[in-house]
Structures are given as structure tokens and as C-alpha cells.
Amino acid sequence: MKGRKDRTTLAILVCVIALLGLPGSPVSGEGGPKISEPSRECLECHESVTPGIVADWKLSRHARTTPGLAMKKPELQRRVSAKKVPEGLSGTAVGCAECHTANPGAHKDTFEHVDHKVHPVVTPKDCAVCHPVEQEQFSKNIMCSARTNLTDNKLYQSLITSINGVQSFNKMKLATGEPAPATNEDSCLVCHGTKIGVTGKRIKDTDFGEMEFPILTGWPNQGVGRSNPDGSDGSCAACHTRHRFSIATARKPYTCSQCHKGPDVPAYKVYMVSKHGNLFSGSKGEWSFDKVPWTVGKDFTAPTCATCHMSLIVSPAGDVIAKRTHQAGDRLAWRILGLPYAHAHPRSPDTSIIRNKAGQPLPVTLTGEPAKAFLIDPKEQAKRRGIMQGVCLSCHTSDWVEGHWARFESTINETNQRTLAATKILLAAWDKKAADPGNMFDETIEKQWVELWLFHGNSTMLASAMMGADYGVFAGGRWQMSGRIREMHDRLKLFMENKPKKP
Amino acid sequence: MKGRKDRTTLAILVCVIALLGLPGSPVSGEGGPKISEPSRECLECHESVTPGIVADWKLSRHARTTPGLAMKKPELQRRVSAKKVPEGLSGTAVGCAECHTANPGAHKDTFEHVDHKVHPVVTPKDCAVCHPVEQEQFSKNIMCSARTNLTDNKLYQSLITSINGVQSFNKMKLATGEPAPATNEDSCLVCHGTKIGVTGKRIKDTDFGEMEFPILTGWPNQGVGRSNPDGSDGSCAACHTRHRFSIATARKPYTCSQCHKGPDVPAYKVYMVSKHGNLFSGSKGEWSFDKVPWTVGKDFTAPTCATCHMSLIVSPAGDVIAKRTHQAGDRLAWRILGLPYAHAHPRSPDTSIIRNKAGQPLPVTLTGEPAKAFLIDPKEQAKRRGIMQGVCLSCHTSDWVEGHWARFESTINETNQRTLAATKILLAAWDKKAADPGNMFDETIEKQWVELWLFHGNSTMLASAMMGADYGVFAGGRWQMSGRIREMHDRLKLFMENKPKKP
Amino acid sequence: MKGRKDRTTLAILVCVIALLGLPGSPVSGEGGPKISEPSRECLECHESVTPGIVADWKLSRHARTTPGLAMKKPELQRRVSAKKVPEGLSGTAVGCAECHTANPGAHKDTFEHVDHKVHPVVTPKDCAVCHPVEQEQFSKNIMCSARTNLTDNKLYQSLITSINGVQSFNKMKLATGEPAPATNEDSCLVCHGTKIGVTGKRIKDTDFGEMEFPILTGWPNQGVGRSNPDGSDGSCAACHTRHRFSIATARKPYTCSQCHKGPDVPAYKVYMVSKHGNLFSGSKGEWSFDKVPWTVGKDFTAPTCATCHMSLIVSPAGDVIAKRTHQAGDRLAWRILGLPYAHAHPRSPDTSIIRNKAGQPLPVTLTGEPAKAFLIDPKEQAKRRGIMQGVCLSCHTSDWVEGHWARFESTINETNQRTLAATKILLAAWDKKAADPGNMFDETIEKQWVELWLFHGNSTMLASAMMGADYGVFAGGRWQMSGRIREMHDRLKLFMENKPKKP
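Going down the list, the sequences are from chains A, B and C. When we follow the numbering used here, the leftmost residue of the first sequence carries the number 1, and every step to the right adds one. When we follow the numbering used here, the leftmost residue of the second sequence carries the number 1001, and every step to the right adds one. When we follow the numbering used here, the leftmost residue of the third sequence carries the number 2001, and every step to the right adds one.
Chain A with its partners taken away, still in its complex shape (with noise of 0.2 Å):
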């Protein structure tokens, strides 16, 4: 019992002491790297304004090391991608001055305070200067785009006016206003990520008197697809979570729910139901998280959303099973998530230049058909599907993964066809006028729809790419695919048999 273990540990810290001298404590200063003059006149005063970020970033790497030493570690030991970092930051922990002035003339949040040039909205190309392969990888990653393909594109605009915007109901008729900005950044740009602007600057009274700051639109977010004050797109922090931008943190699958939990995307939940989620839950406490390179079977047991999806991966005799990527699609041969049907990946992170042969801005039309210049082909597929299954093969026999695949191929295939006989309801309710397709996502009917390829289609197919067997049946699957199509066709037949009877 830990009660037990306490005392013990107490205990022991006592001859620790006497045989080896000192516990290293983990905050700079005291034993650890020189902190910059500008970093440490921040600390002056924030240890006592925001003495919970101090003290997270006290915890961090970046705080316990200098990136001139980190840059003298073996090739697959590095976490810093720069093949140089500016002189002056060479020696020094990496602290607030590093990160928050960084680039200043590059940022319209940039303002004086204190005698320097602060900016609050950290971004990617702020963490380029010590990572900039992350930085260059992460940019082509599909949700580093996150808010644009979903603000730039027409049909999704629709799709948040029929959830943000307000509904009234007068005279017996209901009508929905346009959503308000604040509550698109309280609902789908919280994790698509806002676009930060600068309108002006305010002076506040604050314990060190009057002081004068920039005012922020769209501020605070940390979505994973944030515009920035930089002209730059994405947050680290979505992932490396502020300040302590732990690489352990972003392993685990916590972080990952953030976003991917929903029933529009319950790709954490299908986890955690899973062999692999299992053992992780049981097993965690005994898995090192913080090791670079990420050795299986030894660091961990079984694979989290992030071993398969991006970490550098080694076996125990230190053979690279999977390079380190920030562009997730590099794994992914299909997309399964979003979108009425599963298809091969956009090949471009930007997927609102995407046209379906109707026009619309969908990689697929509504009746199934592939927009195929935009995206990747057999051949690209073949290749991420191989990578993928690198990592598999790590535990896996080749049988094993094969049988594996071709279930999930099929299922991604069969989940296709059922969201075309859902379409083909809804055009059919839309040709008989029982459905309006002016906003093609607001009446019940369609509603029904979205669900079943947003909600059970995706769940379907999450179910079967990592196993989560209920998340394909009974937890949002197949019995409510089957359902919906159901209450769809109901629908449309009570439309259909009332409507003759009108004079």
C-alpha cells in the first residue's frame, strides 16, 4: 500500500541523501541550466501572478535543459529538429523570453511590456526555431488546416449554421438566425481553432500598476488549427499542452479525446475498448512515456493513438520500426472521419479547393463517386497502408494483420453502401418535396442522415480499424445505421401517404 511506500520513500530520501549527496531538484535555479536575463525578470513577477504556469514549466524539459545540450544527443535521442539554433539561445533554458518574444516584428500581438517587445499567441513557427521539422511536417498535416477547411468551405458553413444558429419560433413557424462569432469559438472552433486577430490595445490596472495590452479576437483557443497573429496556422499546445509541453502528455490518449471523443468522431472511446486500450489502462503506470526513442515492449506494451499514428518508434534492439511524423496522413491510407463516405486521403491538407463532380465542395458526390484528382492514389495508399502496418507487424503476425485489414476493408466498404441507401432516401425525399435541400443538414430527415454517416458510419469503421468491437454494433454502430435508414424511410412513406390525401 502507497501509505506504506510514503514513509518508505521518506525514509529512504534520508540515506539517499547521506550516500549521494543532494536530491537534483527539477527547477532551474537550483542546479539546473542558467535561466536568460529577460526569462528570469518574467519570473519575477509571474511567479506570483501565474504561479501555476511557473511552476508547470518549472516541471518541463524546457526548463531542465539548454537547447545547446540538447542538440548534443545521439540522432534518435534528439527533440530538436534545427540543424543550428541562434547563438543566443544555445545556453539557456528554454524559458518565457525564449518562446514570447520570439519573432516579435512578425506578430501583430506584439506589445511593450516591461521594456519588451512580448507577444501572448506563442505559434508554430515560434517552436520552428528549435523544431522546425515538426513545424514544416505539422503544416501539412490536415489539422494544421483545420479551421479553414472547415470556415472555407460553403456546405460546412451551412452545416454550423444549422447547429450554432439560434432558433425562434413565432406564428407558428420556426427560423434559425446566424451564429454569433462568440459562439462559433465556444462550439466547433475551440478545437478547429479560431482565427486570432489584434483590434487594438487597452490599458489595464494591474498589481504593478497601469499597464497596457493588446486586445485579442478569438482569444483564448489552442485549437489545433488556430490562425495566428503571425500570419501562421496551428498550436502546438493543442497536443504539447502549455507549459510544460510534455511529450508524455501528448502520448497519452487523453489528449487525444480532447477532440476525437464525440460521437462524431469517437475514435478514443473505440480505444479505450480495445485490447490495446486495455492494456494501456491497466498498464500505464509502468510504461515510461518520456523516452525518445520510443522503444516497443519496453517503454510500452501496447500501442497508444499516438505510437501508431506518429512517434518515433524503435524495437528493443533500437531498429527504427516508424520514423517520427507531425503529418498524420503520412499513416493513413484511408479517411474515414467527417464525411459521408470513407475515401482514399485528400491529397492536399487544404481539402477546401476539393470539387466532387456536382461542384460540390465534398471529395465525394451524394450518390458515392470518388473526386479522384484531389485525392491520393492506389499506389500512395499501398505505401501509408504498409507504414501502418509496420507498426502492427512489431506485435503481430503478418496473418494476424492481413485477416485484420481485410475486415476493416470491407467494413469501410459495406459502411460506404449503406450510407448510400441513406442518400438516396434523402434524395428521394428532397425530389417528392418532403425535405428542403436549401440547407441540406437542418430538417429532421436530414438530420437522420448526418447521423448516420457523421455519427455511425464513422463509429463503424473506428470500431473495426482498432477493434473496439461495440463501437460497430450496439455503441452508435451498425444498429443505428440500420435504424436511421429505417426511420428515414419511414419518414419519407408517412410524407408520401399523407400527401395524397391533400386536395
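Keep in mind the hints are simulated off the structure, nothing from the lab. A few of these clues could be false.
[As the list claims (entries may be wrong)] Here are the simulated lysine to aspartate or glutamate pairs, EDC-like style, with alpha carbons at most 20 Å apart:
| # | chain 1 | residue 1 | chain 2 | residue 2 |
| --- | --- | --- | --- | --- |
| 1 | A | K323 | A | D290 |
| 2 | C | K2493 | A | D490 |
| 3 | C | K2284 | B | D1290 |
| 4 | C | K2432 | C | D2490 |
| 5 | B | K1433 | C | E2487 |
| 6 | B | K1275 | B | E1402 |
| 7 | A | K173 | B | E1487 |
| 8 | B | K1284 | C | E2286 |
| 9 | A | K493 | C | D2436 |
Based on the hints, put chains B and C in the right spot on chain A.
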């Protein structure tokens, strides 16, 4: 890996024993404080009769210290709030008898048990011997009235009937019976609390021969608003689980999830997908959950439910950020749960006294007008908002906090507007005889209305309050709100279209 | 904080090494038991081919001890139940070859692999070499028949068709195809288990040249009722996950959640919001999950699924509270899952033989009459209730347990009454031609009926059994049951109102 660690621990134990002597046992009686004679008598039998709870108690602070020692702690570290503890209790552990024989005269459930006047149901008044401030605060917490606020409100009674009454179907007619007491105790009152009565005594055959015990009604129960046989309300064990009564348990969100996870109040779910919940899940192994006071950045690096709503929080420098409160309303400007419209928090924990303009026991009329006389005023709201924001500000800048709060209050406002639209449809349905307002909660259109505000409105506002985005969108949020409104509209429309055709 | 702890641990390791000599490595071959020659040959290649599972096995007890040593343990601590283990197996670790080459003649999947007769699919009969009692018990567990109970029941087959058959919509008509085998294997059978067949052999190109492997159908799978190529049923790996086969994993509720979390059987969800689940979540870091026997109050302070349903539990004094069983029915008086009415547990694990009075393969008629000949009698129910209550009584008084049980059985009774009301509506709908009983599960009113008992009835009874209150109210419980009944009623009423108007 832990396997290695376990062996190491064993080895270390050997070495530590050699260096420091015997490893102190956590169990009272082996190096711990003295146990009173009555408690020792209890333990003699109960160590074999109910070994699990005895073992649990031995792990508790109650078993490891004495009220006398506890009162000598510096004020901020003190866990007892009594100015003075009765003489006889000061020098021994807080054992079985100390609680189960306290205030025997007040307890209707007191019975003679092996020469002691024992009561099975330990109550807040019993705990108040050492923790009077907590008991006093909790008595003003709306949760302490959770039972009576439900059972003494006629409208809620009809809601309960619509849920717990058993339906029957005969001759094409649906009928609903009255809820059985056992059913209410097995459902709503598990969390809200039962009324515990004493209806007599009975003889039972035990391992120690025949013994007499009181016959209790409403037992077992540990609901937060339980009515106790000593006339008190509440159950400390709802959160400070018996028999360890661990502050660590109460501070973890799992405790809150017992009652605050379902669709009617998905606070736990929202928290868990928030950045805060992500950090809790991933970092909790490094946190100290039992320190008093609780230091931000040192004992924890992201808030749990308790942090924001109840706990005594200090900065690493020891400055008090928020005072401990067991009256959670102290930090709540708005009441966003459980009712058709969000509104300023009620003044009194007894909400059964509230009457809106229409005379209903609701804090807001069906068309959205608050019963201001019963609710706190904007000044008090500002004060409470300030206390809560004080917690936020230990990690976030004032810009961040204000931006967040502006969105939250905008979402409260918009959610109320959506509820108004739905309610207008319901009022029209009642007016047109499409539904019967006799019981407001039992017909399909009424149930859609209830789900709109009770499930989806609450979810949307909680998602905004805690930044658990998808719970305000697809995971039971705005998508479902607009869906419910549309379904209510369709149902009324169908009724109106079919109606004129009748003779 | 852990950072500090890790450093401390490192320091301690140094000191412990000095005091005690080398820290024993958990890895076989480095201080562990001897590995057999065949297993050593396996490891030679598979350490690089499938390093993850080799590493996982090295952490297992199988790799760290031998059957010979295991049999020398005192009886209560023993994990092997064989009276005698074959001579050749006694002195070496249980490695790859020990399991994958056991009983080669019985295995249709046996193939020649590097001079060994290897089979990929390890089965309960293979495990029974050392664990015969567990295999024997499990063969009588209803879960061992999970596949055949589903596939050999005609009614369930039509349920599967309504879920897994792909719909199409043409000329305003909805049609449903037959489920594909791959679809069943990707959904229901993931948990229930597939039938694994051997259809031939094929040559594969491997890192070690061309090799021949068997072609398996129904693979991969580790469903609990899998039918194996050696004629046995079941998969121990369903719970004792390969290749660590950890008892700790099996005892944690995450393992059960793989199949028991969805709306059709939300046992895990209910548990997690119960007081027991709360304590598990918050205290599990202090518990010992791998001790045999498992001591209440010492190794754990609240039950997991395994505690109540399977594990060997003893008191701190060493008294047996509950014997280990792999036939979970031993502790179950009622069957509250998966069927229209709760009923006494079936006598035989093979439920496909059951016929109710109407000749249907169901343990209860549609109007609620149990098929008593196939179900245990009240005396056997009382015995099983007693075993389960024995576990409760290690922490709770008899008053508590009896009060809880009275509510539980009242809820079983009432849930059955609600199901009866819904079924009467369905029978009326069939009678009035509002629905077609051809497939009982595929029309909207039928699906509402299924959700009533399969989702909400089960949830309500589980919530009662484990005190996870809201799962019996708003979280898929009585609120939804009354809602489904009302919707079925409304649908039938609408049909009846529209019908007479037709010519």
C-alpha cells in the same frame, strides 16, 4: 517497469529496516495512536465480521492521528475546525465508537449493542464534533437539500412519476402507476438522498448469537441530501467515502462522477475532455491529493472539480488563492443545471420555497422570466464570479479569463433563447390540444422538451464553462438542441395537418 | 512529484546494488528460469520478428517461474491447478513452444515451422495442461458458449441480420441483404468469438526465406466463445491478455469493458460511477492486483468486477470469503442481460437448447412466462445469492446487504413489468398490421422495443445491482424506458388514426 520496481522496493525495505529500524506500520495499535477502549471492543469482533471496512479505516487519517494532535497543526494545515474537542476524544484515534456512539440521544437509530449505544447511520452532526465549520457550510450548500428540494416540489414529483411510475398497456390504452418507494430509493434518491426512518427492532442470528438491531427504512443510502435519524440532513460519506474518509478521494473527479456524469448533468464527462481533465488523467500519478493546504503548481498542475468548487488553494509562496468552502454556491454566479433556464443562483439552499410569477415552484417562468426575489442579485453574482476567477487567474492571464467568461455568458444567454423557442412550441402544443399539460413531462413532445434543456442545454453550458468543446456541439450539445426543436416542431405540424381531417 | 521520484529511484538503485548485489532481471535467461531448447529457438528469430510480444512475454510470470516451482506454493497461493505437470515441462519457463506446440495432433492449424509442429491458435485445452480446473469451470461458463448461443439461435440470427445486413433503397423500397461472414466477424463475433477454420496452406516470403503457413478463416479473433481448431471452445486470452497473461490485467475492470461497456451491456459504465468504481479509480495505484489469494482490505479496498464475480478472496486473517471460479454463473442468481425479461439463470451454458412455451428459443415467453425447466430453481438461486452476498458482507452489514438486495429484486420485477407493457404494444402492432413479425427486430417500432429491454432495461437493472444510480434514471434507464413505451404507443396510435381513412 514495475516488476523491476517491486523487487527493488523489497530490497530497499530490507536496507531501510537496517538503517532506520522497523518500518512504521500504518495500522493503529502498532506504533499509531491509542485506540479508545470502546473502539477496541468494536474492532475485536468487526475485524472478522466486516474485515474490509476495518482495514479501510486503518488506512485512514482517523486511525493514524488524534484530534488533539490534529488541532496542534498550523491553521492553514488544520483539517479540524472545532475550537475545542471534547476531553475524552482528544487523545485517541477517531475509531468506530467515536462516531457510531456520538450523540446517542439524538439518534432514533440508536440501539443497545454489546453494552454500547450504537447507531448505524453516522451523520453530519456527528462529524461536526470535530468539523463544525464544514458541517455549517454544507448545511447551506444546495446539495444538502437535494432530497427535500426534489420531494417537496410538486412539479418535480410529476417528473418523478413520469420516470419511476410503471406503465401498463391494456385495451390500447397506456397508463402509468404511482412510483413505489423502493423504486425512488433505487433511482433518484441514490444521489439526492433518502429519508432514513426507524420502524422497530428485530432479532437476528449472528456469528455471536442472537442480537437485536433497529429496522431502518430508506437504508442503505449515502445520498448527499439524506435525511438522518438524528434530524440532520446530508451525508459526508457521499464524497468522503467510508471508512477511510480520504480527502484525496474527495478531491478526485471520480467522486463527483458518481452523481455528475449522466446526460442530465454531464459535468464529469465535460471535464475529462477539457485540457484540465487531460492533464489530470495524464499527470495525476505525480500529484499529491492529500496535502492541506493544496498548493497549485506543486501538489497539482491542473484543477480537479474540487480545486475550483471547494478546496483551500494556496500559491507556492503560501498565499491563499481560494478559501475552503463546503457551500459550493460561494463560487457560483449562475445555476446552469437541472432547470429549463439558466439563472442567477438561488438565495436559499431550500429551493422548494421558490415560486415564479405563474405560481410554479420554478425559479424562472416557462417563458423565461426569473423569480428575482428568490435569486441572488448581480452584485452577489459579481462577488462569486470574482472568487471563481481568482482560481483561474493562478494559471491564466486576465485577458484569457475575461475572454473565456464572455463566451460562457453569451452561451448561457443563447441557450436560454433556444429553450424559449422549444417552450413556445410546447405551449402551442398544449394550446392546440396536441398534448396534455396535466403532467408536463410524460408525453413524447414533453419529453423532447425536457431533454432539450435537461440534457442538451446543460451539456452546452457545461461545455462552455469548462471548455469541453464537443459536449456543446455533437456530444449532446447544440446539434441535439436544434434537433429536438425541429422534432417538436415536426410533431406539432403533423398533429395540425392530421387534425382538420377529423370529422 | 514523479520527476523527483525517478531520480531518487535511480539513486536508490545504485545504493541497493551496493548493498544487495545485482538487481535480479525479470527477463528469462538473465537469472530467471531455464528456457527449453524449442522455445529458445523460437526466441532466436521472433525477438526480432515480433519484438513486442516477446518483450511482453518476458514480463510474464510464465517467463519468470516454472510449473515445477509453481506447484510447490501453498494451496491458496497456487496458480496452477494440475495435480501433476508433464515431466518435460516442469523445470523450464512456460515459453513459446510450451503452448504453441502443445497437443499438436489435435490442432488442425498445426504446421511444420523450422522443424517444429507449431499451431498459431492457443486454446483452453492447451492452457489446461497446467490449469485444468480453470478450463473445466470455464467450459461451463455461459461465456464459453457465447458464439454458439448466438449462431445456433434462429431468433438471434434474425437480430444479426437486422444489424449486419446491408440495406439498399431502390424504387422507394427498402431491402436488407444477408450479413457477410467478414461483417459478423468484425462485429458481434469480436466478443462472442469466431469459428476458426483451416482451409489450406500457403507459401509466404519472410525475412528468413519462403515459409509455409496454414490459411485460417475467422482469424484473428480472441472472443470469449471462440471455436478453436482443436475442437475446444473459448479463449483464455480474451481476459488473460497475450503474451503476459497477467492476472492483474484480468482483475481490472478495463478487461471487462472490452465487451461490457456498450448500451446493450453497460456494466463497466455503471460500475465506474458506483462508489466501488470511484474507489477503484482513485485508489488503484495503491492496490496489489497480482496477489494470490486476493486479500480484502489489504490488496484492495473496494471490489472490481473480478472480486465479486470470479476471484479467490480471503480476509486479512486468511479466511476464504469466496472461492475462485471461472464459471461466473456460480455467483449469479439472476440473468439480467441481453433478453426481453430478467429471469433465473439458465441451467446449461448452452442456451440454444432452450424453448419457451411458444416454442421460441427464448427463456421467457413474449408475455413474460419463464421456461422453468431450463432455468435454475429458487433453491439454487438462494445458494448463488448467498455466495455473492458473502462477498458484500466482507465490508457491509447484513442490514445493508439485505436492504440493497430487496431493492434490486424489486427493480428486476418492475423492469419486467415495463417490458411487458412495451411487448403488449408490439403484439398489438403486429396484430393490427402496423408491423410485420417476420423479422422481429428490423422495423422502427420493433427497434424501439429492442432498445427498451436490451439497452434501458439492462441498464436499469445493472444500475440497481451495482448502485450506479443515473444509469437507472436518465443515463439510459427508466427515463428512456418510459420514453420508448410512449413512442411505441404514439406510433401505433398514429397508424390506427391514419388507417381507417384509407379506402
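Identify every previously stated hint that the structure contradicts and give their numbers, smallest first.
none
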